[in-house]
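There are 2 protein chains.
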Amino acid sequence: MDAAEPGFTRPGGRTARTRAAVLDATYAELVARGYAGLTVENVADRSGVHKTTVYRRWGSVDGLVADALSLAADTFWPIPDTGSIEQDLLAVAREVVVGFTDPELRAAPAAVIAASFQSPRAATALHEFLVARQEQAAVVVTRAVDRGEIPAGVDGVEAIRVLCAPLYYRLFITREPVDDGTAVRAAAVALAALRAGAV
Amino acid sequence: MDAAEPGFTRPGGRTARTRAAVLDATYAELVARGYAGLTVENVADRSGVHKTTVYRRWGSVDGLVADALSLAADTFWPIPDTGSIEQDLLAVAREVVVGFTDPELRAAPAAVIAASFQSPRAATALHEFLVARQEQAAVVVTRAVDRGEIPAGVDGVEAIRVLCAPLYYRLFITREPVDDGTAVRAAAVALAALRAGAV
Numbered sequence: 001m002d003a004a005e006p007g008f009t010r011p012g013g014r015t016a017r018t019r020a021a022v023l024d025a026t027y028a029e030l031v032a033r034g035y036a037g038l039t040v041e042n043v044a045d046r047s048g049v050h051k052t053t054v055y056r057r058w059g060s061v062d063g064l065v066a067d068a069l070s071l072a073a074d075t076f077w078p079i080p081d082t083g084s085i086e087q088d089l090l091a092v093a094r095e096v097v098v099g100f101t102d103p104e105l106r107a108a109p110a111a112v113i114a115a116s117f118q119s120p121r122a123a124t125a126l127h128e129f130l131v132a133r134q135e136q137a138a139v140v141v142t143r144a145v146d147r148g149e150i151p152a153g154v155d156g157v158e159a160i161r162v163l164c165a166p167l168y169y170r171l172f173i174t175r176e177p178v179d180d181g182t183a184v185r186a187a188a189v190a191l192a193a194l195r196a197g198a199v
Numbered sequence: 001m002d003a004a005e006p007g008f009t010r011p012g013g014r015t016a017r018t019r020a021a022v023l024d025a026t027y028a029e030l031v032a033r034g035y036a037g038l039t040v041e042n043v044a045d046r047s048g049v050h051k052t053t054v055y056r057r058w059g060s061v062d063g064l065v066a067d068a069l070s071l072a073a074d075t076f077w078p079i080p081d082t083g084s085i086e087q088d089l090l091a092v093a094r095e096v097v098v099g100f101t102d103p104e105l106r107a108a109p110a111a112v113i114a115a116s117f118q119s120p121r122a123a124t125a126l127h128e129f130l131v132a133r134q135e136q137a138a139v140v141v142t143r144a145v146d147r148g149e150i151p152a153g154v155d156g157v158e159a160i161r162v163l164c165a166p167l168y169y170r171l172f173i174t175r176e177p178v179d180d181g182t183a184v185r186a187a188a189v190a191l192a193a194l195r196a197g198a199v
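If you're matching them up, the sequences are chains A and B in order.
Quick note, the first sequence lines up with residues 1 to 199 if you use the numbering used here.
Quick note, the second sequence lines up with residues 1 to 199 if you use the numbering used here.
A couple of the hints might just be wrong.
As the list claims (entries may be wrong) - Facing chain A, from chain B, some residues (calculated, C-beta under 8 Å):
1. E158
2. T174
3. G181
4. R185
I should point out that these hints are in silico values taken from the structure, not numbers from a laboratory.
Just so you know, even glycine gets a beta-carbon here, dropped at the ideal spot from N, CA and C.
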């Protein structure tokens, strides 16, 4: 269709839409069948993109999962900037809690974490995604240092790890309950660690 | 053999040896093939216990994984008691780090964590195992309160979560490096949280 309508398509527009359709289908298939049930054929069927196109561009299910995370990493993420380190940390923690407890939101990221245990390439893609997110989120610590709220010399990325780790630990390791109180406690611990210079 | 030698066998001795052989074989198969490749047949072959015995007693691969964790939970675990909360926390963190980074030790627990993403029953068994371990380890906090090292009213189990979470988070979520320095930092954060009353 687009090829027949020159001038109506942004450069790369169709390519971008194809990519979005295929990667949305990848998440949907991961949620529906898990990594073990993920096939290029099913992703192609669900997306309406021809199987040979999917094979040519992504190669395999691992290529699909890696690119889905790469697209997610490029997606704009509004980092909290409330003017208070306490509130910023709490907002980041709440975003993780909501993202993994809201029934609609949680399915795709939870499926990606499960996939990382079955596919080394998915594990690498998840690693790169989370390392990038940690670095982005660490700006809340840098800003707090600039405001004089916490001592200089702290490691912002490590503070974000301390903040997020108890949430992921309960969600995916011990499988203990997670709610807003968990986010509140995680933020309090990260703040205590920052103030004590423990990160 | 044992049945032919009454008096030479402790009550339950053969049963206990059969259980140990089957559960050792379960870990070995999990490490070798992962949960997806775990079968009662292969566990029976590896253990030298008859397949019908394994089916009758454990029912399925899920039953095997759950019982393997149940046996691990009953295994004596020397909880550190150095007389200092700082050193006790560090010793617990180091135990986790060594257990998941030593090439010989890490395979079985890492395979169990991977299995928890594929089997709800394995996830439940892992949950019960880790909740029990957290409660056992929390005694290091209780003792520190009794010694007056940290304020009363802290949550010992939550302190152990704060201590262990960054280790599991790096090992199994972000897949970032873990070494002795990670244990040292985790212990410092848990101590800061305890001193600040954040747990």
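Okay, the hints, checked on the actual structure:
no., hint, verdict
1, E158, "holds, 7 Å"
2, T174, "holds, 4 Å"
3, G181, "violated, 11 Å"
4, R185, "holds, 7 Å"
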